[in-house]
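Novice: Sequence:
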Amino acid sequence: MAASKGPAAAEAGGGNDATPPGNVRTGRRGAYRPRKLLPRSQEAVKRTVFVKYIDHTITEQILAALFWSYGTVVDCRICGDPSNGLRFGFVEFQSEEEAYAALLLDGIIIGMNPLSVSPSRTAICPINPRFLPQSEAEWEICSRTIYCTNISKIVQSSNLKAFCEAYFGKVCRLKLLDNDKRSTSLAFIEFAEVDGAIAALGSDGIFADGLRIRICPSKTPIKSYCYGRSPVLAGALAETNQAAPPELLPVNGGSTMVS
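Residues 508 to 766 in this note's numbering are what the sequence shown spells out, letter by letter.
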């Protein structure tokens with residue numbers, strides 16, 4: 508495998524140590540904890556704003572802290588766009604009035620780009636709580652874990668692990684998941700150190716066998732009992748592709764990696 512650095516920011520996933528009011532914190536990766544599964548309704552759409560042109564230095568923690576000045580942020584989600592170097596996201600408030608006030612942030616420059624902020628047409632898709640971390644130890648693991656999508660099916664777990672360790676840092680656990688209904692695979696990669704995960708996030712958009720891989724912070728740890736399959740122990744590698752459960756399939760669709 509060979510790699511060349513892309514334009515993605517090396518500090519992706521970082522942030523500052525400022526703590527806004529409430530429970531949304533900026534700081535290390537994994538500090539922002541998404542809201543658990545709640546019923547969706549048209550009211551949630553009215554409380555949500557759509558944000559475009561988010562660069563790779565901006566994390567969900569930073570974005571939530573920015574919007575907190577206009578109301579209570581109950582959920583924040585950043586999505587990757589493999590077609591270019593920018594991303595989009597959604598921010599949900601407690602009230603419709605707060606979401607309306609947050610539209611004043613349209614055009615504000617954060618990172619390297621002015622944001623586009625407009626009313627959202629959709630609500631944020633909630634996360635199934637059984638996949639969220641259940642302890643402080645699992646939250647810490649999440650801070651070292653990345654979630655990758657749009658991986659070519661010819662890329663093997665051994666290739667992926669070797670590449671990550673060569674360019675980002677030691678890999679503790681890796682789970683490469685496959686699904687017959689999709690043309691690509693996805694993976695969860697847990698690093699030994701937070702710095703390894705941050706370095707990997709800086710290579711979001713990396714090419715592998717002609718496909719641009721989306722890399723983002725994982726909201727779930729790699730479970731040792733992973734969906735009834737054999738355990739993936741620390742320091743070990745899942746060599747066989749496994750079927751991805753429907754709950755983990757992404758809803759959204761630099762450097763160069765050659766296997």
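Please note that the accuracy of each hint is not assured.
Pairs of lysine-lysine residues, derived as DSS-like cross-links and limited to a Cα-Cα distance of at most 30 Å, are as follows [as the list claims (entries may be wrong)]:
1. K688 with K668
2. K668 with K730
3. K660 with K677
4. K559 with K677
5. K660 with K688
Hints in this document: simulated from the structure, not taken from any laboratory.
Novice: For the pair we were handed, K660 and K688, check the Cα-Cα distance against 30 Å.
Specialist: holds, 12 Å
Novice: CA of K559 to CA of K677, is that 30 Å or under?
Specialist: Violated, because 34 Å separates the two Cα atoms, which is more than 30 Å.
Novice: Does K730 lie within 30 Å of K668 when you go C-alpha to C-alpha?
Specialist: holds, 18 Å
Novice: Does the alpha-carbon distance linking K660 and K677 stay inside the 30 Å limit?
Specialist: holds, 23 Å
Novice: Decide if the proposed pair is consistent with the structure: K688 and K668, CA atoms, cutoff 30 Å inclusive.
Specialist: Given that 30 Å is the threshold and the Cα spacing comes to 25 Å, the pair holds.
Of the numbered hints stated above, the single one contradicted by the structure is hint 4.
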